[in-house]
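J.: Sequence:
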Amino acid sequence: MLSAAVLAGTALAEFQVHNATFKPEYVLEATLSDIKINCNTRRSVVLNGTSPGPTLHLREGHTTWVRVYNRMSDQNITIHWHGLSQRTAPFSDGTPLVSQWPIAPRQFFDYQIRPEHGDAGTYFYHSHVGFQQSTAHGALIVLDAKAPAHHYEKDLTLVLGDFYQQDDRGIESGLQADPFKWSGEPQAITVQGSSGRSGFAKNASTKSCAPHIVDVEPGKTYRLRVIGATVLSLVKVGIEDHSQSLRVIEADGADTEPVRIDHIQVASGQRFSFLLETKSQDEIEAANRTHYWIRYESRDRPQSITGYALLRYRVRGSKKCRKLPAVLPDDSPVTLPESTTDYLEYALHPHLDAVKKEFPRLSEVTRTVVIQVNQNLATGNYVDGKLNGTVVWE
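Residue numbering for the sequence shown is 1 to 394, as defined by full-length UniProt numbering.
For the record, the hints were derived by calculation from the structure and aren't laboratory data.
Any given hint could be a false lead.
Keeping only pairs whose Cα atoms sit at most 16 Å apart, straight-line, the calculated EDC-like set for lysine to aspartate or glutamate is [unchecked claim]:
no.: 1; residue 1: Lys220; residue 2: Glu153
no.: 2; residue 1: Lys146; residue 2: Glu60
no.: 3; residue 1: Lys386; residue 2: Asp178
The following label-pair restraints were derived from C-beta to C-beta distances [as the list claims (entries may be wrong)]:
no.: 4; residue 1: Thr95; residue 2: Val369; range: 18 to 28 Å
no.: 5; residue 1: Glu185; residue 2: Gly380; range: 21 to 31 Å
no.: 6; residue 1: Ser173; residue 2: Val259; range: 35 to 45 Å
no.: 7; residue 1: Asp282; residue 2: Gly170; range: 34 to 44 Å
no.: 8; residue 1: Leu387; residue 2: Leu362; range: 38 to 48 Å
Glycine included, every Cβ here is placed at the ideal spot set by N, Cα and C.
Please model the entire structure based on the sequences and the hints provided.
T.: Written as structure tokens, this is what we have:
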């Protein structure tokens, strides 16, 4: 009896009341807002007023609380922490009607997130309700408890997204309709919310379709974290005249041995980190240029969506102020391969020897398991090759 009472008292002492006075490390506020993307206005669910939302930084072995307020009047929301195993707090995984009840309008929920040692890397968070994920997402970085596995001067993050002009509810209605109505291809791919479909015109209204600018300094090594927050698109990315400057060092939250690669490929849900070695100041002066195009193209879809970002060198001590290009290149300065199935195939290996030992040798592998998702006809039939009914994904 005494032991039980002591244990009960200890447990109660560890509990905290999470009411309006509780102060979490981060607060996310979900709202339904009119935002500018690809030079269009779209009614979208956003977090803290922007898409992508703010970058969250967590640390290995440390519990972080994130409070999510639902400021919408007629939609639920949950937040999923993509790539993180919520082994200590499954109720905070963000899967509606599975691990938690959705956050109702004008309510809030406190998410408990504790990355364990070995989880340092690149992740992202996103809504797990309806089609909200297309705009309600943001970068999530888990920092090493000790020194990182690879040396670099600074972090740079690129969140890739898909832009659909049709609003979430219109797309959801079509996907659930009888007959099924496909949402079609996205109208643009975004980098940090910018579609890169036009140059740097002076008109402020074109800012959302201008290229995203990545600022760097000469002679430095940057960690470029690339997050595939797209709904549908697999994207290839190349940097003009920097094909020998990239090395992969992380894939989906796991450190890898460095592998030199000439371009970036990321599918929906994937995350990679690359070491980007910038040109020296002498090279910049010899080339007499400080701007290099970043070209991106979608693959494996009926229509290839393209766009640009811009790598801009900031040269200290230089009084030159180069104007941003008013128009995009007529021809792509970067050639990206068509094939997607051989990217980094059998090239990545764990960085730590202890992790390597956990994996079997190829000679020890005795079977292959294929996991796939199928779009199956639930009701109706095909008429003239077109679906006339409803579908389920299994």
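J.: Please go over all the hints and tell whether each is borne out by the structure.
T.: Checked hints:
no. : hint                        : verdict
1   : Lys220 - Glu153             : holds (7 Å)
2   : Lys146 - Glu60              : holds (9 Å)
3   : Lys386 - Asp178             : holds (13 Å)
4   : Thr95 - Val369: 18 to 28 Å  : holds (23 Å)
5   : Glu185 - Gly380: 21 to 31 Å : holds (24 Å)
6   : Ser173 - Val259: 35 to 45 Å : holds (44 Å)
7   : Asp282 - Gly170: 34 to 44 Å : violated (54 Å)
8   : Leu387 - Leu362: 38 to 48 Å : holds (41 Å)
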